[in-house]
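Protein chains: 2
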Amino acid sequence: MDWGTELWDQFDDIERHTQWGLDLMEKYVKFVKERTEIEQAYAKQLRNLVKKYLPKRNTREDPESKFCQYQAFLQVVKELNDFAGQREVVAENLMTQICMELSKHVQELKQERKLHFQEGRRAQQQLENSFKQLENSKRKFERDCREAEKAMLAAEKLDQDLNATKADVEKAKQQANLRSHMAEESKNEYASFLQKFNRDQSQFYFLEMPQTFNKLQEMDERRTVRLKEGYGVFSETERQVMPIIGKCLDGMKAAADSVNEKNDSQVLIELHKSGFERPGDVDFEDFSQPINRTSSDS
Amino acid sequence: MDWGTELWDQFDDIERHTQWGLDLMEKYVKFVKERTEIEQAYAKQLRNLVKKYLPKRNTREDPESKFCQYQAFLQVVKELNDFAGQREVVAENLMTQICMELSKHVQELKQERKLHFQEGRRAQQQLENSFKQLENSKRKFERDCREAEKAMLAAEKLDQDLNATKADVEKAKQQANLRSHMAEESKNEYASFLQKFNRDQSQFYFLEMPQTFNKLQEMDERRTVRLKEGYGVFSETERQVMPIIGKCLDGMKAAADSVNEKNDSQVLIELHKSGFERPGDVDFEDFSQPINRTSSDS
Numbered sequence: 001m002d003w004g005t006e007l008w009d010q011f012d013d014i015e016r017h018t019q020w021g022l023d024l025m026e027k028y029v030k031f032v033k034e035r036t037e038i039e040q041a042y043a044k045q046l047r048n049l050v051k052k053y054l055p056k057r058n059t060r061e062d063p064e065s066k067f068c069q070y071q072a073f074l075q076v077v078k079e080l081n082d083f084a085g086q087r088e089v090v091a092e093n094l095m096t097q098i099c100m101e102l103s104k105h106v107q108e109l110k111q112e113r114k115l116h117f118q119e120g121r122r123a124q125q126q127l128e129n130s131f132k133q134l135e136n137s138k139r140k141f142e143r144d145c146r147e148a149e150k151a152m153l154a155a156e157k158l159d160q161d162l163n164a165t166k167a168d169v170e171k172a173k174q175q176a177n178l179r180s181h182m183a184e185e186s187k188n189e190y191a192s193f194l195q196k197f198n199r200d201q202s203q204f205y206f207l208e209m210p211q212t213f214n215k216l217q218e219m220d221e222r223r224t225v226r227l228k229e230g231y232g233v234f235s236e237t238e239r240q241v242m243p244i245i246g247k248c249l250d251g252m253k254a255a256a257d258s259v260n261e262k263n264d265s266q267v268l269i270e271l272h273k274s275g276f277e278r279p280g281d282v283d284f285e286d287f288s289q290p291i292n293r294t295s296s297d298s
Numbered sequence: 001m002d003w004g005t006e007l008w009d010q011f012d013d014i015e016r017h018t019q020w021g022l023d024l025m026e027k028y029v030k031f032v033k034e035r036t037e038i039e040q041a042y043a044k045q046l047r048n049l050v051k052k053y054l055p056k057r058n059t060r061e062d063p064e065s066k067f068c069q070y071q072a073f074l075q076v077v078k079e080l081n082d083f084a085g086q087r088e089v090v091a092e093n094l095m096t097q098i099c100m101e102l103s104k105h106v107q108e109l110k111q112e113r114k115l116h117f118q119e120g121r122r123a124q125q126q127l128e129n130s131f132k133q134l135e136n137s138k139r140k141f142e143r144d145c146r147e148a149e150k151a152m153l154a155a156e157k158l159d160q161d162l163n164a165t166k167a168d169v170e171k172a173k174q175q176a177n178l179r180s181h182m183a184e185e186s187k188n189e190y191a192s193f194l195q196k197f198n199r200d201q202s203q204f205y206f207l208e209m210p211q212t213f214n215k216l217q218e219m220d221e222r223r224t225v226r227l228k229e230g231y232g233v234f235s236e237t238e239r240q241v242m243p244i245i246g247k248c249l250d251g252m253k254a255a256a257d258s259v260n261e262k263n264d265s266q267v268l269i270e271l272h273k274s275g276f277e278r279p280g281d282v283d284f285e286d287f288s289q290p291i292n293r294t295s296s297d298s
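Those sequence lines, one after another, are chains A and B. Here the working numbering is used: the first residue of the first sequence is 1, the next is one more, and so on. Here the working numbering is used: the first residue of the second sequence is 1, the next is one more, and so on.
The set of hints was computed from the structure by calculation and includes no laboratory data. Misleading hints may appear alongside valid ones.
It does not matter which identical chain is meant; a pair holds if it fits inside one copy or across any two.
Said to hold, decoys possible - Once the Cα atoms are required to be at most 30 Å apart in a straight line, the calculated DSSO-like pairs of lysine-lysine come out as:
1) K215 / K132
2) K30 / K52
3) K187 / K273
4) K52 / K110
5) K51 / K273
6) K140 / K51
7) K33 / K247
8) K104 / K228
9) K253 / K150
10) K187 / K215
11) K253 / K44
12) K273 / K27
13) K247 / K78
14) K187 / K247
15) K110 / K247
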């Protein structure tokens, strides 16, 4: 079942529906665009967070960097940076593969749809013109028949009239003939326009409009298929980054696993031990043993 | 190798390092807290986006909802809502399992560390007091030795003096004996304080401070292990939601796959076909056949 045969008299509904289809596609594009903006903001905030917590200068000389618990912290922060990078990839892919692609498609289809409906309206207009011509010729035929009838009755009446001159009768008969002839011509003209109109109408309803409606159906189905693909891409872009995000998480886990508390205790020892011995006992200083005796020693 | 033996003379460095450890833990908590805020903002924006694109009222009666391409759109939007829900789960888990847990741990450790260093300072003070006592007793012993020396020399000199009375000589000898006796007492007191100090010093350097430093080492290693666990949770929370996010993506893909363009074309037909036949040919209206003849027919 196609639109050409089943919806032959639903020009307006087809017009509305095909517009609805384009609006739906634009609505989806807008939805995705807003999602990419959210994604980019998220990635940016994560990047800023990372920047805030990574050291500004080369820390290789900092004693802090000798502790694996600190290195692990830096590693976790760096992996978050890569994670943010993957969110940017998602945003970019959504933008190019959905927003840009489908927007382009919508613009193309808007033109195509416009052409089809213009065609349709033109055909409608032509049929209307054909109908007007038919109606005009019909009215003319009717009028000419009435006139012919009247002229004939007038001639007959005059023929029966005892007071009428033969000239008058002749004139009246000629008029009747003339009117009859005109009615005959109008009839032929009307018949001709009728034949033309019936042909035009048949062509319109059985060929032109079905073709136009079927082209619109094909166009709308094409649009629907593109939209379906667009829906698919929405989840695909997320799935594509999952393995790489998984690697970020692996990196974070490895950083956690690398933390060795005993190692860091040893690092502190290495950094700060003096190597000195602990003080031993203080000696007794015997002031009762004199250092020098004076002259009384002699 | 432990701090008690290797870093026996590095009180300040141990104080600094244990503070550094607590600061690092607080820095990590702050980092994670800021991450959860970013995550919550992200989820909120996604939720708002979903709310914006889902219909406000029950659309079951809307003709729009009969088209599978539209239902698929709604389904994709709903799955994004669930996706946002998972981001909220991540934020919540990070907050409870890392921020709240580790903050509590830091507060406890701050108290514990404070007690240890108070202990250390008290022990240091006691040793200093013991040393002061030793120094005082030594100075007294020294002074008393000098006095005894002087008194003995004075007595000897008087003994040799021809002009001195026996009474003076006797007095001088008694004074010398007295001073000698006092010096002997000071010596014993000094010896006693020396013994005490050496005992205190040995206790300080070989027992008390090592114990305190080792407790601090154990405390710091305990903190490091908790920090290590905290690093692990950072990636774990993300991994935990991956399967459920996968289901959201499956849902989106199913929605995409459910789009059938031919089906929607038929829906339009069902909604709008009139069932009427297309117009047939228009008949010829022959006005040349009069409907009624007037009196001229008789």
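Checked hints:
1. K215 / K132: Within one copy only: 29 Å inside, 108 Å across.
2. K30 / K52: between (33 Å within a copy, 11 Å between copies)
3. K187 / K273: Neither, since 126 Å and 38 Å both go past 30 Å.
4. K52 / K110: Result: close only across copies, 26 Å inter versus 48 Å intra.
5. K51 / K273: neither (35 Å within a copy, 63 Å between copies)
6. K140 / K51: Close neither inside one copy (90 Å) nor across copies (65 Å); limit 30 Å.
7. K33 / K247: both (28 Å within a copy, 23 Å between copies)
8. K104 / K228: Only inside one copy: K104 and K228 sit 16 Å apart there, 51 Å across copies, limit 30 Å.
9. K253 / K150: neither (109 Å within a copy, 80 Å between copies)
10. K187 / K215: neither (40 Å within a copy, 123 Å between copies)
11. K253 / K44: both (23 Å within a copy, 28 Å between copies)
12. K273 / K27: Intra 69 Å, inter 27 Å, cutoff 30 Å: inter-copy only.
13. K247 / K78: Both: 12 Å inside a chain and 28 Å across chains, each within 30 Å.
14. K187 / K247: This pair counts as neither: shortest intra-copy Cα distance 89 Å, inter-copy 76 Å.
15. K110 / K247: Intra 44 Å, inter 36 Å, cutoff 30 Å: neither.
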